[in-house]
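Protein sequence lines correspond, in order, to chains A and B.
Following our numbering, the numbering of the first sequence begins with 1 at its first residue and continues without gaps.
Following our numbering, the numbering of the second sequence begins with 1 at its first residue and continues without gaps.
A few of these clues could be false.
[Unchecked claim] Calculated pairs, PhoX-like style, for lysine-lysine (alpha carbon to alpha carbon, straight line, at most 25 Å): (1) Lys416/B - Lys218/A; (2) Lys443/B - Lys390/B; (3) Lys454/B - Lys515/B; (4) Lys108/B - Lys53/B; (5) Lys416/B - Lys295/A; (6) Lys397/B - Lys217/B; (7) Lys217/B - Lys395/B; (8) Lys443/B - Lys295/A; (9) Lys184/A - Lys416/B; (10) Lys184/A - Lys53/B.
Read the hints as simulated data drawn from the structure, not as lab findings.
Keep in mind the model is a prediction, meaning the values are calculated, not measured.
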Amino acid sequence: MAVGRVSSLLQQASRAGISPYLGGMRASDLLHPRPEGLYCPPGDFFIDPVRPVNRALITHGHSDHARSGHRSVLATRQTLDIMELRYGEGFAETVQAATLGETMALNGVSITFHPSGHVLGSAQIAVEHLGMRVVASGDYKRQKDATCAAFEPVRCDVFITEATFGLPVFRHPPDTDEIARLLKSAAQFPERSHLVGAYALGKAQRVMRLLRDAGYEKPIYIHGALAKLSEYYQSQGIDLGQLDPATVDSGGKEDFAGAIVVGPPSAFADRWARRFPDPISCFASGWMRIRQRAKQGGVELPLIISDHADWDELTATIKETGAAEIWVTHGREEALVRWCELEGIAARPLHLVGYEDEGD
Amino acid sequence: MNRFAELLDRLVLTPSRNGKLTLLIDYFRSVEDPDRGLALAAITGDLSIAAVKPAMLRALVVERMDPVLFGYSYDYVGDLAETVSLVWPQSPGHIPNREPTLGEVVAKLQAASRSDGPKVLARLLDSAGISARFAIIKLVTGGLRIGVSARLAKQALAEFGKVDVAEIEELWHGLTPPYTTLFAWLEGKAEKPQRTASALFRPVMLSNPIGDGDLEKLDPADYAAEWKWDGIRVQAVCEDGVRRLYSRTGDDVSGAFPDLAEAMHFSAALDGELLVGEPSATGTFSDLQQRLNRKTVTPKMQQQYPAFMRCYDALQIGGEDLRALPFRERRLRLETFVGALDPSRFDLSPLVAFEDWQALEQLRQAPPHPIIEGVMLKRWDSLYLAGRPKGPWFKWKRDPHTVDAVLMYAQRGHGKRSSFYSDYTFGVWSGPEGAEELVPVGKAYFGFTDEELKQIDKYVRDNTVERFGPVRSVRADRKNGLVLEVAFEGLNRSTRHKSGVAMRFPRISRLRWDKPAAEADRIETLQALLDA
Chain A
1 MAVGRVSSLL QQASRAGISP YLGGMRASDL LHPRPEGLYC PPGDFFIDPV
51 RPVNRALITH GHSDHARSGH RSVLATRQTL DIMELRYGEG FAETVQAATL
101 GETMALNGVS ITFHPSGHVL GSAQIAVEHL GMRVVASGDY KRQKDATCAA
151 FEPVRCDVFI TEATFGLPVF RHPPDTDEIA RLLKSAAQFP ERSHLVGAYA
201 LGKAQRVMRL LRDAGYEKPI YIHGALAKLS EYYQSQGIDL GQLDPATVDS
251 GGKEDFAGAI VVGPPSAFAD RWARRFPDPI SCFASGWMRI RQRAKQGGVE
301 LPLIISDHAD WDELTATIKE TGAAEIWVTH GREEALVRWC ELEGIAARPL
351 HLVGYEDEGD
Chain B
1 MNRFAELLDR LVLTPSRNGK LTLLIDYFRS VEDPDRGLAL AAITGDLSIA
51 AVKPAMLRAL VVERMDPVLF GYSYDYVGDL AETVSLVWPQ SPGHIPNREP
101 TLGEVVAKLQ AASRSDGPKV LARLLDSAGI SARFAIIKLV TGGLRIGVSA
151 RLAKQALAEF GKVDVAEIEE LWHGLTPPYT TLFAWLEGKA EKPQRTASAL
201 FRPVMLSNPI GDGDLEKLDP ADYAAEWKWD GIRVQAVCED GVRRLYSRTG
251 DDVSGAFPDL AEAMHFSAAL DGELLVGEPS ATGTFSDLQQ RLNRKTVTPK
301 MQQQYPAFMR CYDALQIGGE DLRALPFRER RLRLETFVGA LDPSRFDLSP
351 LVAFEDWQAL EQLRQAPPHP IIEGVMLKRW DSLYLAGRPK GPWFKWKRDP
401 HTVDAVLMYA QRGHGKRSSF YSDYTFGVWS GPEGAEELVP VGKAYFGFTD
451 EELKQIDKYV RDNTVERFGP VRSVRADRKN GLVLEVAFEG LNRSTRHKSG
501 VAMRFPRISR LRWDKPAAEA DRIETLQALL DA
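Next comes chain A alone, as it looks inside the complex (with noise of 0.2 Å):
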C-alpha cells in the first residue's frame, strides 16, 4: 500500500470536508499508516509495528502488536516483561519502560501511556505536538476485568479506535454470567470434563480469575502453553489459586472428570486433547455471541468472554473522548464509521495491516 495509499486517504479526507487541520498542524502530520505500522514522522517512531523498525512504540503484549526485532522499544514494564517472556531476552537492542500516566518526549513530541482495560500492562499511547493530541487505542475494553488495570478515557484530537467487534450485534454480557454458565455445566456434567479454550495472554488468567471470583476452589488444569504467562501473572499480585498442569502424569482420565481445564483453543482440536474424558469444549471470546461460529468450531458452550470492546462500548469511549475525529482500525471498519456519521463525528477507516481480525 505504502505512500499511494496515504495520499489517496488525505485527498478522500479533504474530499470529504473532513478537516485536516487541527490546533496547529494536521493529524494525519502527526501519526500517518505505513507498511511498517503507525508512524509519526516528528517523533520517528512507530506504534505497534508489524515489521521490524528503528524505533517501536508498543501498545500490549500479543504477538500481532508485539513483534521482536526492533532496535528499540517503549512499552509498560509489563508489557516488556511479557515480551521478554515471549520472545527471550535479546528481543530489542534497548528497552524502556514508560510508567502509566507520565509523560516523556521524543524528539520533540508528548508521549503518554494510559491504561486500556485490555490485558496485563496494556496502554493506549497519547501522541502529543503543537496542540494537537491523537490517541492510539490499541485494544481496549470496558468490562471490568480483576487481571489488569481499567480503560482510562482521554480527551484528544483524534481517537484511533480498534474495531474488532464493531456491529452492532456483538453485544457482550457480563463476563460473570458466562462463568455462572461454565459453573452450572460442570454441576450438570460431572463426569466429563470441561475443556475452556482462552488466548494464552490475558483471556486464560482472566477465565482462572472470574473462575476464582465465583467462588471455585478446585484446582485448574491448564495447558502447558499457559505456564509461564499464569505464573507471570501470579507474581504480579493477581492470584490464580491452584493451577496444575493438565499432563496424563497428574492423573489418568478418570481424575479428569469434572475438571475444568484451560488451554489455547487450537489445543482442543488436537491430539492432546485425548486424555479428558467425553470433554465439553467451550470457548471463551466475544466472537461466541454468533451462534453459527460456535457450530461451526464444534463448541459445546460458548462463553462470552471478550478483552475487546462491544458496540456499546465502542460507542460510549468514542463520544467520552470527545474526539473531533474517529480513525477506525482493524476490525469491521464500516460499520462504527457509518454510526459517527449518523452522529456527526467525521470517521474514516485507517488501513492498517497485518493484526489479526480474528484474535480475540
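Dock chain B against chain A, hints included.
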C-alpha cells in the same frame, strides 16, 4: 424466559443424545409449572401461537435502528431471528424490573389478535434480554430447530419420572399443554392421568435383529415368517368416530396421509406398514419418498402416489383389546377383519411359508419385490408386548450393499471424538477414462473400531490438503487416497447431491488400506443399483 432461552442455546450446540437428555431432565426438575410444560410443548411442536412473518420482524427492527447498520449486521450473522435479538435497541428508560416468564410470554402471544400481533411482539422484545429475545422470536416464527425430536423429549420425561417411555407415548395424545397432570404424576405427587380421549396411540411391539447363532437355537415350527416391508410403520386407530394414523413413536401423521386417514372406516387399532402405490402394484422406496417429510400434500401427489396400509397385526377390534391373545389368534382375527376393508387402501401382509431356516434363507436372498428388506419372524404364541422384548419377534434383514469409495473430506467429531476426525465424506470415480474425478456420494461416521478411528485420524492429519474450520480435505487422486468399503441399505435418487444419488444408512464396513485409490468403484456401479 431466561431458563428456557438458555435451554434452547445449550440444546442446539449439544450433539450427544445423552447430553440433550441431561439438559432436558434438569430443566424439567428445576423449572415450575406451567413454564416447563409450555417449553415441552414448544419442543414437541404442540404449542400454538399465531405466527409472525419474517418481513414483519424486519419491519419492526428498522423502525428502531438505522437500516444500513441493520443491513451490515444481518449480512454478518446470516440469521434473521438471531440478528434481531442482538441488535434490538433497548430504550434506557424502559429497563424492566424483571424479565417475563415463559408463561407470561405465551399468554400474551396467544391473546394477541392478528392485527396487534406485531405490537405485542415488540413490547415483549422491549422487556427481554438478548437470549430471551431470541427465544421469543423462535416461538413466533415457528420451528425451534434445536435438534430435539418429540420422541427425545418424551424419553427425557420418562427418565425424569422413572417410567417407561411407552407409558408416556400411550398417554400423550390425551394431554394438552402445559401438561400439569403429567408432571404431577411423574413427580409422584398425583395418580397417573386417566386415558380420557378416544383413538389414543398404543405403544408398538418391536423386533430384535437375528444375531450370529440365534437361528440354531430356534425351532422353525414355533415361528411365522412375513416379508419385512421397507415402508413406514404405522398404527391406524379408529374409535368413537375419531380417526388417527400414528407413527411408531406415537406422532400423529394423519395430516401427511389424508388419503389413507379418510379411508379408515372401521372401529379398531391396526398395526402395519404404510406403502405407496396400490396393494396390487406396490411402489418402490423412491415412490414412497415422494410422500415423506411433507407437511401438506397436494391432491395430485395423493393421486400419483396414493398411500395404503399393509396390515400385519390387530391390537383392538371393536371394543375388544386383543393384545393379550397369541399372535396365531390375532392373525386369524386380522385376516377376517382386513378382508372387509377398502381393498385399494388396506391389504394383508402375507405369511411366507417355509420348511426350515435354510429354505427361508433362500427366500430372503431373492425377495419378490424391491421394497422388501428381509423377513420378519414372529412366534405363533407371542402376545403383543410394548417395547422390544427379546425372543418373540426377530427381523432378518437382507445383506447390505457395499461399495469401495475414496475418502475425500473428514470432519472433527464432538464430545469423546472432539479431537478425532471422525465424520467422513467419500466419493467414487466419474468422468471419462484419463479424466476421472471423484464425486461425493455420502457421509458416514460409524462402523469402524476405536483403533481404526485412530488410524484414519492419523491418515487425515498426514494427508491434509486444505482446511475449512473443522473440516479437512484429504489428498485423493488416482495415485493417492484411502479406500473405504461402505455398506448401505439402499440408494435413492437425489437432486440435491451432485452425484444424483443418496445412500440410506451408510457406514464404514472395512478399511481397504490394500486397495489403490484408482481401483475404487465408479458412479455407474451405483447408478445400476438405482435402476434395478
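| message | Hint check: Lys184/A vs Lys416/B, CA-CA at most 25 Å. Holds or violated? | response | This hinted pair holds, its Cα atoms lying about 20 Å apart.
| Under the criterion that the straight-line Cα-Cα distance not exceed 25 Å, is the pair Lys217/B, Lys395/B satisfied? | 15 Å, holds
| Has the given pair, Lys416/B with Lys295/A, been kept, meaning a C-alpha gap of at most 25 Å? | 17 Å, holds
| Taking only the CA atoms, is the gap from Lys443/B to Lys295/A under or equal to 25 Å? | 19 Å, holds
| Do the alpha carbons of Lys454/B and Lys515/B lie within 25 Å of each other, as the hint requires? | This hinted pair holds, its Cα atoms lying about 19 Å apart.
| If you draw a straight line from the CA of Lys184/A to the CA of Lys53/B, is it 25 Å or shorter? | Violated, at roughly 35 Å.
| field | Agreement of Lys397/B and Lys217/B with the hint, judged by alpha carbon distance not exceeding 25 Å | value | 18 Å, holds
| query | Regarding the pair Lys108/B and Lys53/B, is the alpha-carbon distance no greater than 25 Å? | reply | 17 Å, holds
| said: Checking one constraint from the list: CA of Lys443/B to CA of Lys390/B, max 25 Å. Satisfied? | reply: 32 Å, violated
| query | Is Lys416/B within 25 Å of Lys218/A, Cα to Cα? | reply | 23 Å, holds
Of the numbered hints stated above, those contradicted by the structure are hints 2, 10, listed in ascending order.
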